[in-house]
Structure formats: structure tokens, C-alpha cells
Amino acid sequence: MLTVVLRAVSAMILTTVAGGVLTGAPAQAAGHEQHDKQHRRAAHGTKVAHRKKATHGKKATHGKKTADVKKTADTTRTADTATTADTTKAADATKTADQKTNGRTAHAARGPETISPGTLPDAIQGEPYNVGLTSSTALPPVSFSIISGALPSGMIISPTGLLNGVPAASGTFDFTVQAWGFVGGTESRPYTLQVNPAGPTITTTTLADATLNTAYSATIAVTGGATPYTYAVSAGSLPAGLTLDPSTGALAGIPTGVGGSSFTVEVTDASSATDTQALTLDVVPPPLTVTTTSAPAGVKDTAYSATLAATGGTGAYTWAVTAGALPAGLSLDPATGAITGTPTVTGSENLTVEVTDASSATDTQALTIAVTAQALAVTTASLTAGTAGSGYAGTLAVDGGTGPYTWTVHAGSLPAGLLLNPVTGALTGTPATPGTSQFTVRATDANATTADRALSLGVATAAPANVQAVAGISTLTVSWDPAAGATGYTAIATPGPATCTTTTATTCVLGGVAGTAYTVIVVARSGGPDSAGSAPSSPVTVAAPVPSTEPPATNLTLTTTRGDVDSAAPGSRIVVVGSGFAAFSTVQVNVYSEPRPLGSVTTDGSGAFSLSVTVPRALAAGRHTIVALGSAPDGTARAMKLNVNVASTGSLAVTGVNTAGLAGTALLSIALGTALLALGRVRRGLRTRLLPAGCAHNF
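Going by the UniProt record's numbering, 453 is the number at position 453 of the sequence shown; the sequence numbering is gapless.
Hints are supplied without guarantee of correctness; some may be wrong.
Ranges of calculated distance between the beta carbons of each label pair, as one might list FRET restraints [as the list claims (entries may be wrong)]:
id: 1; residue 1: ALA297; residue 2: LEU419; range: 35 to 45 Å
id: 2; residue 1: THR372; residue 2: THR428; range: 29 to 39 Å
id: 3; residue 1: ALA535; residue 2: VAL409; range: 28 to 38 Å
Simulated from the structure, these hints should not be mistaken for lab results.
Model, not experiment: these values are computed from the prediction.
Yeah, the Cβ is synthetic: ideal placement off N, Cα and C, and Gly gets one too.
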């Protein structure tokens, strides 16, 4: 509303109100009129101030003053009212050209502008604005209003002069404010309000905690300003492993260390306006969590082992059972979380485990551990052998399941003469015949669960009796009484390792080492297992072979490790090789023409031997025989020979050459030398006898 008050000479106060309606009122008393005159001024112009503000606070001021103000004391103003652009002008003096500016009409005011402040501070789009206006001319009560122009959308002026609100748009807004006083008339003042665009504002004031070694993502939020924005850390630093995207404001990465980081984020908009925000980002350990959600079942009387696991938290963990209990026989290691032991009863136990980390953070987990009976199983893996005609006792064993148990022969059959107790699992009776029986036993528990086991039970014949041993040359002969049902026998010498085996015979020969005392046991064989060993024979001592005065007659030939040897020198060594003797028996080696011992040896398990012998140095030159003397596997004497020509020169042995001619030549040379020597002696004797006494011979 625009109101202009004109005072006429007729003492009638004319007031033009909106719509061009004039209202009048009687003149005031003289005293009042005089007082009124003191406040009236004739104005030739109006001071108008236009202050345009540059965006973001840069201001430029321009305006025009109409300075030719004429006062007319005690002069009644002449009302010359005209309307331009819905504005009423009042004039009592000469109009000036400055009363019209930019299509707006300045309003006559009484004296200098007295509405304060002279200029308005800039407003910011979207932010509350409050400025109070006052008038020093108009006396209370005073009413303020906008008489031209317009305030920014979102703002108002109250009658008391409070200019407030939240400007909705940026820009430059021109308007004129009028102050009307009950006494003192009206005053007006033009204003320019600069509304700057809102700069960027960081609205993120806190950040969620990051978790160590876990992907993190957060975005710095901004409002206002002109996009695009640019983000930067202007102070401090981000946690290790995180980065700030300068174009999106995204904080992302995987933090690698625990702790808090303080830093300042700055955002700059397209017009270089900035805003900053101090932030703190804490990197915390992962939350402490028991990751074991179930525990394996245990088996009664069987070793149990399970380990509780947790993640997150800090430092070492401590474990405890905080509710319920572990099954009997099990325990929890507080340092490792291992549950170990041997459960002793069946059933299920409900419990709660708690883990505590170094910072006293905790987590719990409810668990159930079930302990079941062992699986039903026949644990007897084999049975001891029985003996035909002798009482037998054995017991089958079972584990697991739930007793009592029942036993049956599920397949096959027991040896004749034996029975299975269905309650105790005992096998008893007297086996009738030797042999081996195959069968399957079945155990059934109280829950009708079954378990089978395949078994065999051998029945041996009775051990042979009346074992006798007779010592021989490098052998001993053993005999015994036959055993019922036996299909063969084995005689075993002690000390070993000599043995002999027969089928039906009840005697055999074992090799022996001369001078050694032996005992012998005999084991009978049958269709089942071997019998137990017999009672041992009385000890007997084996004799050594005795060489005859003459080489024994034999066609069995010894060999050497060098093959056939026809000659040898005294002192040389020959390795003789023989075979066919009793196993593990003594063989005596001699050299003839006189029986001179060269050594003895024990044969191996096949009755063979090899022995290194030395040709005696004192052995006369000529033909000699090396003889190996011992016993054959049947206990009879056995001899093998090797003929050797011994040279008188002591030369090395010659192998593979017929030396008979050489030997004959050598013997002939010896005989001839002997004859010549004898002839010389005869001649010397004859000469001696023919010489006179005192004469000597020179030969």
C-alpha cells in the first residue's frame, strides 16, 4: 500500500489511500498545527540510494541525489497529485527531473531520509534473514510497508519494520520502504537487497566407523553451491588404506590399521565457493564373534576333540563355559578353545560358551554336544587254535551298542565238538578232528542292532610224543611216535637253524656242527594249524668227521673258485668248493698222501660250502689229493676230492695245463742226479784206497 499525506491550506488533512480515495479530517488545533509545521519541510527532491551487490558479497553502490531542496517556512503545500505506475506523487515545490528514475517514482519525504539502516546486508539464498528497520522522524506508533518494488520470494516486512524470511531465489531486488508515524507523517527509503546464491555446504558431520581389513564406503554429502564439486582433505589424514575421490566425495578402501583419524574435508563448487568440515573416522577391529555354531557328536569311551573358533576382536581369546556343562569326561582349554577328553556317558548336553578378547569384549554361542554309544561291533578278530581231543575255551567280544547282547552263528559252522553260548559268547567243547572251520558270528544288542564278524578256528592234531635224538658224524637222527590225524612233521633243532621235514615218516636227519649239543622238538601238521611243539629230546652232541689213513674212494670232485686246478705250489692258497652235504653240518678238509687237516667249515642251508685252504710248505712234491669229508642229508658219510700236483720249486700254481710230462721229466732228472752222485762217491772211495799213506786227492 502506498500512502501520501498532503496538508491543504484549508486545514483539512487529505490522505490518498490505495485506490485513489481521498479522506479528510479536521485541522488540528493551532498549537498542534504549529508543532506540525516545525516538522514539515518542502522538498524539491528525494534522496534515493540504489546499492547493487555483486554475487558472493561484492557490492557496487550507485545512486542519484536531488540536492536542490527549498524550504518554505509556514507555507502551505500545494497538492498536485498524479499517478505513475500505481504511485502517488506529492509536490509542494518545484519538481526536479530526478524525481523519476528507472520507471520508479520517488516519493516526497519530509527532510533527509531517516529510515535506518541506510543499506541492507546481503542475504543468502535459502538461509534465514532478519534485519530491523527504524525511523527517526516518524513518531510512534510507526508502521512500515513496501510502497514499490518487491521483496524476494519468501521474505516479508512486518508493520514494526522487521524484514525477515528465507529468500527462495538469488538475485538483486529493489524496493522502497515507507514508515508512517502517527505523528510526524511519512518517510520512505529505497533499498536494494542482494541475495547471493547459497554456497556449498557439507552436510556430513559424522562418519560411521570402519572395520579393520573390511571394505569401507561412505560419501561426503554437500548441498548448495554450483556443481560440479571438488573434494579434498585440507588438513589431517585419512586412515591408512582409505582414499577420497576428488570428484564424487566417496571415501572408500580397506583400512589396514586400528585407531581414529581426524581430518578436514574441503569442498569447492564451480564458482570457487568453498566449505569445510572437520571429521573423525575410527577404524575398529571386527566385532568379536564365535564362529563355531555346532559341535560334533562324541562317542562314549572314544577320544573326543573339537576346537571352538572366533573372529574379530583384539589380542588373545579366553574361552569359558558360562551356562550348562560339557559332557562328563570332556574339558575346555581356556586358552585354545579345544574341547577334549573321553566321554564316559551317553546323552546330550546343552551349554553356552563365551569368548573374551584382550579388550574384554565378549561373545557367546549356545551349543549342544551329543554323546552316543559306540557303533555295535564284534571286536574279536581271531580265535586261538584248538587241539583235537583236547578241551577248548574261547570267548567272543563286542563293543558299542546297548547291552545285553545275543550271539549266533550266522553263517558257516563251528568245528565239530564246539558250541557257542548265545548269552555270553563263549566257545567251548572238545574238537573232534584236526582241520580249519570258517564261520560268521552275529551279535545283536538290545535295540536289535546287529554286527557280524567272519572268523576261522583251526584245530590242530596233538603234538608228537617220545621224541628221540641220536648224534652222528656232523648230524643227528631224530625219531618220534606218530600223532593221530597228522599229515606231516617238522623236526627243529635247538640251537638252530637246522630242520627236517617229513610227510608220513616219523624219523629224519638234521645237520649239526661238530662239538655242539642239540635238543629237538617235533611239530605235527594237519588240515588245520600246526600242532604245538613236542617235548624236546634229550640233548646230544654231534661228532666231527674222522679222516681215514687213505683217501676215501669217491667219484665226487671238489672244485675251486678258479676252476679246475692241476698243480699248486707249497704255501699257495686254494678256495675249494663243495656241495651235497647235510645242511648246517660240519665238513672237514684234509690233504693226502698223509691225512693232514687243512680246515673245517659249516655248510649253508643247501649243504654247500667254500673254504680257503693253504698248501702246506712242507708237503712233498708230487701228486696229492685234497678231500672234503662230512655227512650227506640222510646221515651217511660223504666225501669229495681234488687231485693236485705239488711242484718242488714252490712256483705258483698252474691251471688248465697237463703237467704229467713235466712231472715225469722232473722225476727222471732227480733219479739221474742221484745216480751220478753215487757214482762219484764210489770213485772217490776207490782212489782213497789206492793211494799211499799221507797222500791226498784233489778233485
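How the hints compare with the structure:
1. In this structure the hint that ALA297 and LEU419 lie 35 to 45 Å apart at CB holds, the actual value being about 39 Å.
2. The given range of 29 to 39 Å is respected by THR372 and THR428, whose C-beta atoms sit roughly 34 Å from each other.
3. Between ALA535 and VAL409 the beta carbons are some 36 Å apart, a value that agrees with the proposed interval 28 to 38 Å.
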